[in-house]
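A.B. asks: Single-letter residue listing:
2 protein chains.
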Amino acid sequence: MYKVEVFVTYKESILDPQGEAIKGSVHRMGIDQVEEIRQGKYFELKIKKGQSDVESLVEEICDKILANPVMESYRYSITEVE
Amino acid sequence: MYKVEVFVTYKESILDPQGEAIKGSVHRMGIDQVEEIRQGKYFELKIKKGQSDVESLVEEICDKILANPVMESYRYSITEVE
Numbered sequence: 001m002y003k004v005e006v007f008v009t010y011k012e013s014i015l016d017p018q019g020e021a022i023k024g025s026v027h028r029m030g031i032d033q034v035e036e037i038r039q040g041k042y043f044e045l046k047i048k049k050g051q052s053d054v055e056s057l058v059e060e061i062c063d064k065i066l067a068n069p070v071m072e073s074y075r076y077s078i079t080e081v082e
Numbered sequence: 001m002y003k004v005e006v007f008v009t010y011k012e013s014i015l016d017p018q019g020e021a022i023k024g025s026v027h028r029m030g031i032d033q034v035e036e037i038r039q040g041k042y043f044e045l046k047i048k049k050g051q052s053d054v055e056s057l058v059e060e061i062c063d064k065i066l067a068n069p070v071m072e073s074y075r076y077s078i079t080e081v082e
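Top to bottom, those sequences are chains A and B. Position 14 of the first sequence, counted from 1, bears residue number 14 in this note's numbering, the numbering being contiguous throughout. Position 34 of the second sequence, counted from 1, bears residue number 34 in this note's numbering, the numbering being contiguous throughout.
Only chain A is shown next, with the shape it has when bound in the complex (with noise of 0.2 Å):
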C-alpha cells in the first residue's frame, strides 16, 4: 500500500482571491506579520500495489481529475506504507 499527498496550488500568475480574503480577515484581527496567504487543496490517497507504476497513475489522477491544468499546477510525495 501506497499513502499519496497532492498539493494542488494556483499557478503563481494566477490571483488568489480566497487567499487575499483570508489575508483580510488576519489582518482585522491585528495579525499585520501576514504578508501572503495562498490556498490550495490537499488530497490523501491510498493506493495498492499492482502491476501499474504508482507514480503514472497518481500523476494520471492528478492530471485528469485533481488538478485544473490551465490555472493550477500540483506536486506529490509517496510513501509505502505497508
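It is worth saying that the hints were derived from the structure and are not from the lab. Being a predicted model, the structure only gives us computed values, none of them experimental. Each hint should be verified, as a subset may be incorrect.
Since the list gives no way to pick one copy over another, a pair counts as held whenever it fits inside one copy or between any two copies.
Cross-link-like lysine-lysine pairs, in silico, DSS-like; alpha carbons within 25 Å at most [claimed, not checked]: (1) 11 to 48; (2) 64 to 46; (3) 46 to 3; (4) 3 to 49; (5) 48 to 3; (6) 11 to 41.
Chain A is already provided as a structure; the job is to place chain B on it using the hints.
C.D. replies: Positioned in the frame of chain A, the structure of chain B alone reads:
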C-alpha cells in the same frame, strides 16, 4: 521571513463526501487500485519576523480562521526563508 505550510483535513470520524465522489470518478477511469481519497485544504503563508512567536501566531490563525475545530484538524510546518 517564514514560509508556513498548513494542512487542514477532516477528522477521521467525519465522512468525506468530496473524497468519495472523486474516488468514484477515479474508479470510472479504470484505476481501481485507489482504496481511499480524502480531500483537505492547503495553505501557504509568508510571515514576517516580529515580536510574537511565529508558532503561536500560526495556531491562532488556524484555530480562528483556517480550520473548523468541530470537524477539522490541522498540522503545519514552518521554514525560515530569509
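A.B. asks: Run every hint past the structure and note whether it holds.
C.D. replies: Now for the hints, and whether the structure bears them out:
1. 11 to 48: between (31 Å within a copy, 23 Å between copies)
2. 64 to 46: Within one copy only: 18 Å inside, 30 Å across.
3. 46 to 3: within (5 Å within a copy, 28 Å between copies)
4. 3 to 49: within (11 Å within a copy, 34 Å between copies)
5. 48 to 3: So residue 48 and residue 3 pass the 25 Å test inside one copy only (9 Å; across, 33 Å).
6. 11 to 41: both (13 Å within a copy, 16 Å between copies)
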